[in-house]
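Each protein sequence line maps, in turn, to chains A, B, C and D.
Take any residue in the first sequence, note its place counting from 1, add 96, and you have its number in the working numbering.
Take any residue in the second sequence, note its place counting from 1, add 96, and you have its number in the working numbering.
Take any residue in the third sequence, note its place counting from 1, add 96, and you have its number in the working numbering.
Take any residue in the fourth sequence, note its place counting from 1, add 96, and you have its number in the working numbering.
Hints are supplied without guarantee of correctness; some may be wrong.
One copy or two, it doesn't matter: identical chains are merged, so the pair holds either way.
The calculated lysine-lysine pairs, modelled on BS3-like cross-linking and capped at a C-alpha distance of 25 Å, are [what the hints assert, rightly or not]:
{"hint": "1", "residue 1": "K113", "residue 2": "K210"}
{"hint": "2", "residue 1": "K113", "residue 2": "K220"}
{"hint": "3", "residue 1": "K113", "residue 2": "K209"}
{"hint": "4", "residue 1": "K209", "residue 2": "K145"}
{"hint": "5", "residue 1": "K99", "residue 2": "K210"}
{"hint": "6", "residue 1": "K99", "residue 2": "K209"}
{"hint": "7", "residue 1": "K145", "residue 2": "K113"}
{"hint": "8", "residue 1": "K220", "residue 2": "K145"}
{"hint": "9", "residue 1": "K99", "residue 2": "K220"}
{"hint": "10", "residue 1": "K175", "residue 2": "K113"}
{"hint": "11", "residue 1": "K145", "residue 2": "K175"}
{"hint": "12", "residue 1": "K210", "residue 2": "K175"}
{"hint": "13", "residue 1": "K209", "residue 2": "K175"}
These are computed hints drawn from the structure, not numbers from a lab.
As the structure is a prediction and not an experimental result, all values here were calculated from the model.
Protein chains: 4
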Amino acid sequence: MFKLTVDPRFGDINAMKHANSIAAAMWFEHARNPVFRIFIPDLDLSHEKWNLIMARTVYEYNSQIVYGSEVDIHTYISKIGNSSFRITQEAWQNGEIRATCVSTVVHFDFITKKSIPIPDDIRKILEEHLQEENAGN
Amino acid sequence: MFKLTVDPRFGDINAMKHANSIAAAMWFEHARNPVFRIFIPDLDLSHEKWNLIMARTVYEYNSQIVYGSEVDIHTYISKIGNSSFRITQEAWQNGEIRATCVSTVVHFDFITKKSIPIPDDIRKILEEHLQEENAGN
Amino acid sequence: MFKLTVDPRFGDINAMKHANSIAAAMWFEHARNPVFRIFIPDLDLSHEKWNLIMARTVYEYNSQIVYGSEVDIHTYISKIGNSSFRITQEAWQNGEIRATCVSTVVHFDFITKKSIPIPDDIRKILEEHLQEENAGN
Amino acid sequence: MFKLTVDPRFGDINAMKHANSIAAAMWFEHARNPVFRIFIPDLDLSHEKWNLIMARTVYEYNSQIVYGSEVDIHTYISKIGNSSFRITQEAWQNGEIRATCVSTVVHFDFITKKSIPIPDDIRKILEEHLQEENAGN
């Protein structure tokens with residue numbers, strides 16, 4: 097499991113005084129960097145090297161995330177398929193999961209625009225971060 | 097059905113030269129303004145008046161949205177429950193649906209922090225925008 | 097002068113119930129698309145074709161921009177130098193300028209990483225949009 | 097001086113493969129939290145307690161900020177006036193200042209909508225973080 101701690105930004109907070117759904121989406125994306133590094137260790141953004149594309153993202157907003165208190169983002173792999181895999185993420189604040197994000201990511205060739213099987217060496221590293229989802233996710 | 101046309105912003109486009117998932121999330125949120133106006137006609141953001149909270153959002157990214165060509169966001173109601181309802185949105189570019197967003201929104205009292213049934217007059221307006229989801233959504 | 101009308105997004109509004117400075121920055125960037133098209137008509141984002149880079153941006157926040165009321169962004173050229181030029185932008189809401197953005201943009205070769213003079217044909221088009229800044233900008 | 101380290105997010109990077117100006121603006125805003133805490137220790141966002149408003153922001157983009165390498169944001173006070181003060185911020189990557197942000201912030205009463213003098217106890221704390229700007233800023 098990967099961990100990232102974020103301190104909400106003033107502009108992340110909306111008029112209802114909780115973090116806007118888009119702010120949470122940014123934190124989750126930010127916290128996926130270590131997963132991206134498994135596939136592209138130097139995070140090279142060329143079309144030849146970058147090989148991940150987002151297929152689907154499901155966000156659940158369980159309770160309101162507030163300003164002035166840190167948020168811990170927990171990131172792990174929850175499923176590994178042939179050419180795609182699933183990342184599950186939890187946003188913890190004050191001892192509870194306040195939001196979750198489940199992303200389906202495809203191993204993708206940006207030159208041929210086709211999905212490609214996940215190679216065995218990468219699959220092994222993903223398996224080290226494989227974890228069952230918390231009940232309720 | 098509500099329609100909004102957006103012209104992607106330079107910074108919406110990521111290094112893979114397509115719109116980042118967060119940019120799409122912002123367009124979809126932007127296009128929900130007419131739905132919010134059904135509940136809060138003057139969009140008053142006080143805790144006494146604002147009465148909608150996001151519970152869940154599902155994004156599907158079917159194909160890449162590019163820069164320099166307009167995106168039409170179609171927004172309609174796809175389900176009406178007791179105190180919650182579902183908004184389905186499609187992002188069209190160059191004649192095809194390139195991304196969708198399905199949101200579950202709860203009619204909510206920010207003072208008591210409880211969900212509240214959707215009143216009949218609002219339910220009638222929502223029904224005017226009720227539509228079956230496109231196959232595949 | 098180029099004009100763009102935006103309807104503030106729910107998440108653009110911060111806890112003080114006015115548009116966050118970053119939301120305004122996004123509107124101004126969005127409204128620069130027509131200026132970018134003068135240099136790169138098809139908005140091709142390749143390093144060979146794209147030829148503009150931001151050097152400096154000055155934002156002034158005169159009064160609060162609120163939700164539920166449209167914002168008109170006026171965009172014009174306020175200075176043309178040898179290889180750089182200045183874009184001045186105003187955000188109008190309810191009959192007054194509530195924010196301004198003055199950007200210094202450089203005509204730039206992303207392959208050699210050097211600034212390049214603005215060619216005469218482009219200079220002529222820029223001059224058509226050249227305008228004196230409003231007093232106070 | 098306050099320090100914050102950020103790891104650029106995939107979506108922070110634009111098609112030119114450097115951080116978009118808006119991404120930098122978000123990092124700088126994020127790094128202003130410790131300054132906000134001097135005025136509002138619990139970061140209470142009520143109109144009665146929150147007392148800061150942004151008047152002006154100047155960004156300089158000296159060189160391109162890239163993905164995959166951390167960015168250190170240095171934040172200090174560069175001027176203290178009667179009711180306003182100036183925050184200077186630098187974004188360091190790979191040993192050089194790649195962007196700066198100079199903000200003019202006003203001590204403000206959101207109920208009366210008027211600026212208010214900075215009290216002596218807060219002024220003393222600001223002075224502890226007062227520093228001359230780096231040459232070139």
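Results of checking the hints against the structure:
1. K113 / K210: between (43 Å within a copy, 16 Å between copies)
2. K113 / K220: Answer is neither; intra-copy 42 Å and inter-copy 30 Å both fail.
3. K113 / K209: Classified as between: cross-chain Cα gap 13 Å, same-chain 42 Å, threshold 25 Å.
4. K209 / K145: Classified as both; 13 Å inside a copy, 22 Å across copies.
5. K99 / K210: neither (31 Å within a copy, 32 Å between copies)
6. K99 / K209: The answer is neither: 32 Å in one copy and 30 Å across copies each exceed 25 Å.
7. K145 / K113: between (41 Å within a copy, 13 Å between copies)
8. K220 / K145: within (20 Å within a copy, 41 Å between copies)
9. K99 / K220: within (20 Å within a copy, 37 Å between copies)
10. K175 / K113: neither (35 Å within a copy, 28 Å between copies)
11. K145 / K175: Within one copy only: 24 Å inside, 41 Å across.
12. K210 / K175: within (21 Å within a copy, 35 Å between copies)
13. K209 / K175: The answer is within: 23 Å in one copy meets 25 Å, while 35 Å across copies does not.
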